[in-house]
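**Student:** Sequence:
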Amino acid sequence: MAHLLGSQACMDSLRKDLTDLQGAIVDVFSRAGPVRFPSWKFPDRVACDLDMVALLEHYDHVPGDPEFTQLSHAVLLELDKEKARVDSMVRHQESLQAKQRALLQQLDSLDQEREELRGSLDEAEAQRAHVEEQLQRVQSEREQGQCQLRAQQELLQSLQGEKQGLEQATRDLQLTISELELELVELKEQERLLVAFPDLHRPVEAQIQSSGNVTDDMERQVQANDIRIRVLQEENGRLRSMLSKIREVAQQGGLKLIPQDQLWAPPSQGIQGASPPAQVQRASPGLLGRQHLPGSRMASAGRTLPGQPRTSPPQQPCGRPSKSSLEDVTHSTTCAHNPIRALARLRRRLSPSQSQGGPAHQPQERPM
Numbered sequence: 290m291a292h293l294l295g296s297q298a299c300m301d302s303l304r305k306d307l308t309d310l311q312g313a314i315v316d317v318f319s320r321a322g323p324v325r326f327p328s329w330k331f332p333d334r335v336a337c338d339l340d341m342v343a344l345l346e347h348y349d350h351v352p353g354d355p356e357f358t359q360l361s362h363a364v365l366l367e368l369d370k371e372k373a374r375v376d377s378m379v380r381h382q383e384s385l386q387a388k389q390r391a392l393l394q395q396l397d398s399l400d401q402e403r404e405e406l407r408g409s410l411d412e413a414e415a416q417r418a419h420v421e422e423q424l425q426r427v428q429s430e431r432e433q434g435q436c437q438l439r440a441q442q443e444l445l446q447s448l449q450g451e452k453q454g455l456e457q458a459t460r461d462l463q464l465t466i467s468e469l470e471l472e473l474v475e476l477k478e479q480e481r482l483l484v485a486f487p488d489l490h491r492p493v494e495a496q497i498q499s500s501g502n503v504t505d506d507m508e509r510q511v512q513a514n515d516i517r518i519r520v521l522q523e524e525n526g527r528l529r530s531m532l533s534k535i536r537e538v539a540q541q542g543g544l545k546l547i548p549q550d551q552l553w554a555p556p557s558q559g560i561q562g563a564s565p566p567a568q569v570q571r572a573s574p575g576l577l578g579r580q581h582l583p584g585s586r587m588a589s590a591g592r593t594l595p596g597q598p599r600t601s602p603p604q605q606p607c608g609r610p611s612k613s614s615l616e617d618v619t620h621s622t623t624c625a626h627n628p629i630r631a632l633a634r635l636r637r638r639l640s641p642s643q644s645q646g647g648p649a650h651q652p653q654e655r656p657m
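Letter by letter, the sequence shown follows residues 290 to 657 of the working numbering.
Because the hints were derived from the structure by calculation, they are not lab data.
The reader is advised that the hints may include incorrect statements.
To be verified - Think about it this way: if two alpha-carbon atoms lie no more than 25 Å apart in a straight line, the pair counts; the simulated SDA-like pairs of lysine to any residue are:
#1 Lys477 - Arg517
#2 Lys477 - Ile466
#3 Lys388 - Ser377
#4 Lys388 - Ser398
#5 Lys452 - Val474
#6 Lys452 - Cys436
#7 Lys477 - Asn525
#8 Lys452 - Gln441
#9 Lys477 - Gln441
#10 Lys477 - Val520
#11 Lys477 - Leu528
#12 Lys452 - Leu476
#13 Lys452 - Arg431
#14 Lys477 - Gly454
#15 Lys477 - Leu438
#16 Lys477 - Arg403
#17 Lys534 - Leu521
#18 Lys477 - Arg519
#19 Lys388 - Leu410
#20 Lys477 - Lys452
#21 Lys477 - Arg509
#22 Lys477 - Asp515
#23 Lys452 - Leu473
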């Protein structure tokens with residue numbers, strides 16, 4: 290290697306390499322910027338500040354001075370090494386800068402992602418706060434609903450208790466009403482019997498108690514008379530209705546007139562054993578004499594109407610004599626082939642809704 294030291298060809302090659310390295314370094318400097326580190330050959334100077342053109346002109350091949358030529362050759366070798374070192378450092382710096390740029394880009398993207406995540410976090414925080422607010426509202430509504438439910442349950446229990454009490458009271462009232470209705474029916478029947486048969490229900494004079502006030506006693510008597518008048522008017526209405534129906538049937542020919550001797554004939558004789566028709570007193574059409582219908586009330590047996598003389602009931606032969614009109618009615622209903630029974634059946638057929646307790650009409654005998 291010693292014989293190559295100071296060779297023109299070697300020095301030209303080194304100069305060319307230095308020029309290429311300088312161009313590459315300048316190109317890298319243009320992209321990455323200068324690399325400021327101390328020079329290996331010139332420690333007091335920075336490698337990027339070395340004037341390579343001046344150094345190449347100073348350390349050149351001198352044909353007449355072999356020592357300087359060898360020195361220049363050695364300096365060119367050292368400069369070539371330094372330039373190679375600078376080139377490697379510059380390229381390393383360029384790679385680092387590329388990595389830095391990539392890292393910066395990645396950092397920018399991370400910053401952007403961080404901002405996005407921060408925005409998402411803010412939205413999530415807002416949503417969480419909204420959800421918490423809704424949750425609190427729902428919890429408060431649930432608590433209110435539970436309070437209302439408990440209140441409604443308590444109210445329902447109280448209403449159920451009241452309902453049971455009202456149902457029990459209703460049942461008691463229904464029983465009381467039923468009992469009162471039965472008592473009312475009995476009282477109405479007693480009132481009707483009392484008005485229809487006052488003589489049969491006349492109290493003992495010793496049991497009549499006076500209040501001591503004549504006005505009150507007279508008012509009570511007036512009220513009792515009003516009740517009797519009302520009941521008798523109702524009875525008269527029923528009797529008029531029955532009388533009109535009997536007259537209609539009589540006009541249509543549905544009633545059969547029977548002689549009086551056959552009317553009161555004993556059961557053993559019947560109609561066949563009655564007296565001859567020549568001795569029978571003919572009755573006027575539509576009149577049946579003094580006949581007592583079954584179920585009639587004999588109010589005239591114990592009392593007389595004002596303006597009428599007290600008369601005793603007639604005595605008709607019917608197997609055996611009777612002592613009163615009530616006995617005549619009872620005995621006449623037991624006689625066979627009695628037209629009164631037929632008239633009673635006719636009455637029931639004409640008015641099936643009428644009860645048997647109402648007084649019947651008693652037709653009067655017409656003089657011959």
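**Student:** Please write out, lowest number first, the hints stated earlier that are contradicted by the structure.
**Tutor:** 5, 9, 12, 13, 14, 15, 16, 19, 20 and 23
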